[in-house]
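Student: We have chain A already, so just place chain B on it with the hints.
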Amino acid sequence: MDLTIAALLAQDGITNGAIYALLALALVLVFAVTRVIFVPAGEFVTYGTLTLAALQVGKPPGTVGLLAGLAFAVGATELWNAAHRRAWQELPRRLGLYVAAPLAIAGVVYAAAPLKLALPLQIVLAVAIVTALGPLLYRLAYQPLAEASVLVLLIVSVAVHFVMLGLGLWFFGAEGSRTPAFTSASFSLGEVNVSGQSLLVLLFSLLLIGALYLFFDRTLYGKALRATALNRVGARLVGVSPNLAGSLTFTLAALLGAFSGVLIGPITTIYYDSGFLLSLKGFVGAIIGGLASYPLAAAGSLLVGLLESFSSFWASSFKEVIVFTLIIPVLRWRSLTTRHHEDEQE
Amino acid sequence: MKTSKNSPALRRAALSVAVVALLAAPLFAPPFWITLLNYIGLYSIVALGLVLLTGVAGQTSFGQAAFVGIGAYVTAYLSTHFETSSWMPWLNLGFGLALTAAIALGLGFITLRMRGHYLPLATIAWGTSLYLLFGNMEFLGGHTGMTGIPALSVAGLELRNERYFCYLIWMIGIAALWTTHNLLDSRPGRAIRALRGRLDMAEAFGVNTGRLKIVVFVYAALLACISGWLYAHLQRFVNPTPFSLNQGIEYLFMAVVGGAGSVWGAVVGATLVTLLKTQLQDWLPSLLGRSGNFEVMVFGILIILLLQRTREGVWPWLARLLPARTPRPLRSVVNTLPMRARTPTGPLLVVEGARKEFGGLVAVDDLSFEIRGGEILGLIGPNGAGKSTMFNLISGALPLTRGAIAFVGEPIAGMNAYAIARLGIASTFQHVRLLPAMSVLDNVALGAYLRSSTGLFRAALRLDRHEEARMLAEAARQIGRIGLAAHIRAPAGSLSLGQQRLVEIARALAADPRLLLLDEPAAGLRYGEKQELATLLRSLKREGMTILLVEHDMDFVMGLTDRLVVMDFGEKLAEGLPVEIQANPVVREAYLGGVVEEKV
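As you go down the protein sequences, you meet chains A and B in turn.
Once you know that position 195 of the first sequence is 195 in our numbering, the rest is easy, because the numbers rise by one and skip nothing.
Once you know that position 559 of the second sequence is 905 in our numbering, the rest is easy, because the numbers rise by one and skip nothing.
One chain only, chain A, in its complex shape (with noise of 0.2 Å):
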């Protein structure tokens, strides 16, 4: 390996390593506010690709579809929810926030698909039409469950993630997909090409990780989560619903997935079932980062960008093994410098 080939690897590792932390903090901001360990993360970035994709030639994504069905789901539930607590008058909000909102989102992507808008505006659209799906996700498979342990609320991750698989291939097909770069530009430092797509890359995850430092930082609903995070009980003491916190976290990693798959298009080839081997090495990061940490989160997730591309260099068809054995020793690491729980009940 000479000098070029390493700094092409680290390119690669680093492009990569900056979806991954897009990834891994969508999962610790989840965990930590819901305590649901978010194995669909993957599937929001498939959905944010495929969508994207479909876009681009003109059709309708499937992805509108979903979204209609999921308000219809939710309206449903909420009803028939005000209907036995005879509580009508949450109702109309509710109905507005969770089916009519979503049903126009739907209608405008589904109205402007053939139209072939100029890339920036389809991206607007790939990313607030799967974004949206974040919200009703939760209310219809967490929130009925959001007291039980993490591990009801992991068999239900897991559960969501085959849905959103299937649903993926129905919407989407067996074929892969890949969207046309943001930039064509590379510039050359020394010895070494550094191609424009990846500056992008990294820029617009930093921009966003920025974005959600002065979400979280200045905003009110950005303290409601932190103290949410920080202690569920005394937030709900103090006026935080836990229901608002969970969608809104859920909007918010819905919105890094989607984003994260609009940022990967490009690089890498997205078929419906590549979101799940995403989302484990978003999680690799953050289980680096004890699900608690982001910045730990972030770097964690960079080093396992570069473990993943210097190893595809030197064992490329074990490079998955290799990641994923990492996590053991990572895992057993964190499991003893946490502090002893007593394990949960249900």
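Keep in mind the hints are simulated off the structure, nothing from the lab.
Don't take each hint at face value.
Said to hold, decoys possible - Far from chain B, by Cβ distances over 10 Å, these chain A residues were calculated:
1) ALA83
2) ARG93
3) LEU97
4) ALA100
5) ALA141
6) GLN197
7) LEU207
8) PHE216
9) LEU296
To be verified - Stretch by stretch, here's where chain A covers chain B in the computed footprint (C-beta under 8 Å, at least three residues):
10) 467-479
11) 631-640
12) 652-662
Quantities reported herein were computed from a predicted structural model and do not represent experimental measurements.
Beta carbons: idealized from backbone N, C-alpha and C, even for Gly.
Tutor: Chain B only, in chain A's frame:
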């Protein structure tokens, strides 16, 4: 119930007809049903392991399919690469089991010490790794796999026909069901049940929980390996796909859907999932207009709905339809469990300069005292004085920061709780630590864990009945002693809090301790119950039992104890006879505030 319809003779006849019909069914059933039956059997064997590991012991594994793969690949490789004779596959089963045990021991040693959600994540990781290894190893045929695996032969008969194979699968399946069922109803079984969220309690009664977790994990892995070995010789072809993480997750689904708390849940779950899967595979693709693995989608939705409605699975619901079984009467035993000799006098436990710091907080500040053989020592003090911390330092639930504790002259500081329990110290818990779903009898019998040595093997083969009867008789004796004989079969969780505290004492007594540690045993008891508890403790003392009593209720302590140690802010404030303590101005000032607190 109509008596004529349920007469024993008729029932027996009906049962034998049903058994014969079931036994003959594989010979006549259509081939499609045979295939289904075979798969249900193979899956049940794996799911049984998960019932024990996840449902009972509370350790979630998504990675069982990888162990199935090891069983399948070992025999596939060995029987296609070496000279084959008819007994070769059976030898391969031995190799497969040995390799599985070795890998499971290694993985278990690393991953089972992880807490909470880290363990399932680790199983996802190694499940994926092992699967990817199968697909990437050239000598294992890569992603295409291996063909030409020979058929199994049993006593010269080649099982090429699926119909005959069905008998083998179900013989092994029923054997696995039987051993797992036996295991759950035994001394190790009670300890395994305690692994789920009651680790501290299990350790306090002598269970080496770390070791037991690994043993259960290996047991589940071995069942998976057997299933894989059968699969390889049934299909006569292996490739990595059936050993992927997806399949591992499906096994867990089977256990959860069927009901992970019971061995029958495994069979019910495997049956439901298999039947549903074949049906869905038929009509889902035509419904959705695409071919693909859509049945997992439906499973996913079913699992979510099931978990939102009930977390117990289908089996408990089915079990309600079956006639309730009357529990077997306790066997009368001639020779009871051996008892320890009790030393009546001299210092039994000596605490010297014990110190416990939590970060900057000093909970126990260089405390020294001793417990003399045959006395009841009261440890009292206001809330937050460090009494319970001191209690946990003695029982080994917490490690000392500094200082020494000796029990009958032997230093016990730094020992594990289960090792301390072995020396003859038994305790009750301030927050009741019973297994609510288990009967009072079994809960108390768990206390006698160290008075028998029945291991997993003897328990699984039902060679433990004599020992088991002695343990249960001892448990029943202790339950009679606390006056709860009428509730002996009731689930412990159905009793009142006061009664549960008494059950905790019975459990501690079943351990036949030399030193009994009681952490606020009178809390939550009514006046009459307190009187009875005091009578019980006095009679224990007469028998030579030594008792350390941590208590809030002053009336209770003053009338009962021989000596008192008063703690405040982690330090010893005073020590002496109850009358001296009552008269001690420092204690009155600091603790009683001049007025004796009366509790209702």
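Student: If a hint holds in the structure, say so; if it doesn't, say that too.
Tutor: Here is what the structure says about each hint:
The claim that ALA83 (chain A) is not at the interface with chain B holds, since no C-beta of that chain comes within 10 Å of its own (minimum 18 Å). Listed as outside the interface, ARG93 (chain A) is consistent with that label: its C-beta sits roughly 24 Å from the nearest C-beta of chain B, beyond the 10 Å cut-off. The claim that LEU97 (chain A) is not at the interface with chain B holds, since no C-beta of that chain comes within 10 Å of its own (minimum 21 Å). In this structure ALA100 (chain A) is separated from chain B by more than 10 Å, as the shortest Cβ-Cβ distance comes to about 25 Å.
The non-interface label for ALA141 (chain A) is inconsistent with chain B: the shortest C-beta to C-beta separation is roughly 5 Å, within 10 Å. Distance check on GLN197 (chain A): its Cβ is at least 28 Å (rounded) from any Cβ of chain B, clearing the 10 Å threshold; non-interface status holds. No beta-carbon of chain B is positioned within 10 Å of the beta-carbon of LEU207 (chain A); the least distance is around 30 Å. Even its closest Cβ contact with chain B, about 23 Å, leaves PHE216 (chain A) beyond 10 Å, as expected for a residue assigned away from the interface.
Every beta carbon of chain B lies more than 10 Å from that of LEU296 (chain A), the smallest distance being close to 16 Å; the non-interface claim holds. Counting residues of the stretch 467-479 of chain B whose C-beta lies closer than 8 Å to any C-beta of chain A gives 9; at least three are required, and the coverage claim holds. Counting residues of the stretch 631-640 of chain B whose CB lies closer than 8 Å to any CB of chain A gives 5, so the stated coverage by that chain holds, three being the minimum. Interface restraint, the stretch 652-662 of chain B with chain A: holds (3 residues with C-beta to C-beta distance below 8 Å; minimum three).
Hint compliance for this structure: hint 5 is the single one not met.
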